[in-house]
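Which chain is which? The protein sequence lines are A and B, in order. Each residue of the first sequence is one higher than the one before, counting from 554 in this note's numbering. Each residue of the second sequence is one higher than the one before, counting from 554 in this note's numbering.
Since the hints were made in silico from the structure, they are not lab data. If a hint is listed, it holds; no wrong ones were tucked in.
Note that identical chains are pooled: a pair holds if it fits in a single copy or bridges any two copies.
Simulated crosslink set (DSS-like; lysine-lysine; CA at most 25 Å straight-line):
| # | residue 1 | residue 2 |
| --- | --- | --- |
| 1 | Lys-827 | Lys-841 |
| 2 | Lys-876 | Lys-636 |
| 3 | Lys-876 | Lys-614 |
| 4 | Lys-614 | Lys-627 |
| 5 | Lys-571 | Lys-559 |
| 6 | Lys-614 | Lys-896 |
| 7 | Lys-878 | Lys-685 |
| 8 | Lys-669 | Lys-633 |
| 9 | Lys-614 | Lys-878 |
Number of protein chains: 2
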Amino acid sequence: MDFTPKSEIETRTYNFQKKLTDQGLDGAIIVLNSDMFYFTGTVQNSFLYIPAGGEPVLMVKKSLRRGQEESPLKNVVSLKSPKEIPGILAAFNYTGFDKIGLELDVLPFNIYKTYKKIFPNTEFSDISPAIKEIRAVKSSYEIELIRNALGVIDKAFLAVPSFLHEGMLEIELAALFEAEMRKRGYSGGRKMRAFNQDFFFGNICTGNSGFCPNFFDGPVGGLGVTVSHPQGAGWKRINRNEAIYIDYTCVIQGYTGDQTRIFCIGELNPRMVKAFEDAVLIESEILKVMKPGTPAEEPYLLAVKLAEEMGYKDNFMGYKEDKVKFIGHGIGLELDEWPILAKGFKTPIMPGMTFALEPKFVFPEGAIGTENSFVMTENGPESLSITPEVITYVKTNSFTS
Amino acid sequence: MDFTPKSEIETRTYNFQKKLTDQGLDGAIIVLNSDMFYFTGTVQNSFLYIPAGGEPVLMVKKSLRRGQEESPLKNVVSLKSPKEIPGILAAFNYTGFDKIGLELDVLPFNIYKTYKKIFPNTEFSDISPAIKEIRAVKSSYEIELIRNALGVIDKAFLAVPSFLHEGMLEIELAALFEAEMRKRGYSGGRKMRAFNQDFFFGNICTGNSGFCPNFFDGPVGGLGVTVSHPQGAGWKRINRNEAIYIDYTCVIQGYTGDQTRIFCIGELNPRMVKAFEDAVLIESEILKVMKPGTPAEEPYLLAVKLAEEMGYKDNFMGYKEDKVKFIGHGIGLELDEWPILAKGFKTPIMPGMTFALEPKFVFPEGAIGTENSFVMTENGPESLSITPEVITYVKTNSFTS
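Make the full structure from the sequences, and use the hints.
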């Protein structure tokens, strides 16, 4: 398995320590797996202390051996209980904490209370915005990992015509599609930072199941197989002449690619074909105006303007009251990273930022659109997705499963 | 899709309201999807207020239409922002809150802070122990759902000999095994309540990969395909004469089954065969002594005693320092429910409680053992698992994939 290079970890730590210093913090305690992996190269059950200056200390509960193997950090030590943290840090001459940063956007209240007991005289502040800001700009090492994820998802999309057939269930298609990625290393570690977003692999909707909204903060919902997880593929049979909408993540070595493609057995009605072409057109118009420094809301505002001019007011990014208010999102160790391409977000999209763009339409007869993953470069956005951006028409005999 | 019957929701609410009254709370605000589903029958993006007396109010952000369809609750209303909660509740005559219960074991600190702003004069307390206690005892409706999950996992285990072959990668086996469950409705909603436990479907280890511990709080780890998610199946090729250890969850309609079976291409060495038989023996000894009211720690203490007498001190429930300190865990909407069958847990195991029992051994040459799901009845534990509890020997030609 590939370990994160030491130089990567050092650069990330350096950038973070500048933020800690700017905020007048003594240091930060990191526990969330995605942040943990970013700053240490391991997700063994651990607590990480990053001081504003000096070497970080990784305190591993389980498995110490793997933590030591996987992380290039110098100080990787054993810990049995969080109570030991102050003692362990004192041994590294880190004492007298006035202000410590915590991931307060994800840390459960009861764990926060534990820290309060362990550090009764310390003030805690939310360090997650600083982490999100640093993580938003990817190194070339990270960009290659995202590119790998999109290489794997491409293989899965290319395999679809080999198993898609009329009469199969959406969930059967999902099982086969997911297996294509799993066997190539989809790690299962797909993550969302937002609380309570029970996101699984992705979303397959066919025909009118694409009209069904759900809890998830995305333009297209899907019925799902059960009300306890009402997302993505369901029990609907796949018919001829309907849009087969496949929007999936692929996580390889921790990094997430995100892509949507449309398939059809037979032919699509002209309105859906036109909507697909218009989605691709909106995407290309967005890409034309994006350059380093473009504020994150601009692509969204442009997309909405174009979609409304095209007559899709009720259909763009969801149907009527169930619309979502973004056109894209950062991708990396999490699916909901910065930048958020939505109204009100002024953050400039800088070189190294990676994001998915997903102009989509929802009609009573189905969902349609496109999604690709990009990295901003000095010369504008570069696509990391390699799958041809077309509707794939599949000819099959009729089966019943 | 099957909706949760109204009578189920009413009973659950009634039991919970008794707890709220006992604790002197005005009510509780519920948001976690597993609790939300339990008390409402939906997981649409919502806030649920359950008063100590009176009708609950479900405030749905997205999708209101599905929330109204899926939940049998009387009051299902629209909400755009949590700020509206007090106003909405006032319209139902719920005002003047002194003490409100929250799920403080899972609620992120920043969301807690939002509630503090919305309810500046209200005291908050942790209602999660009360929820866990109620949820631990399943109705016959819930037990049937868990039985369904074990029916699906059985089909996946029975299918293994049709695709397992020498030389395939662990991750290829995982992809095919998971697809068997996905196509039958594995919903993707597998959940752990504990923070930061990035658990995926389950765990396949073969031969010495079963010796590899990891972050996860289970007896067997697995290498995984990447250090960013170092759990379960990895890139190892499957060889003849080694233990193929498959420990998987299956979630059907929200309810979790958990089961482990052992496969082998060729034959296993006598030590591993003996260890398998001893694991089954430990399981049957535990089942003999368990009856309604047995304290949750007793099966664990008995199992450790038996394992040590058998000479497995260093191998039982993990290898040496990486052992876990339980023999089983509650199962239901989450994989880590009550009762916890571990030292120090005195909770009586009562009729209706569902749990997995998993005596397992770890050796340098691999992991072996058994796991089944059970429900406590008036007459003692009844197995919900139906797959024969034997090592399945598979004869195959040698392929390379």
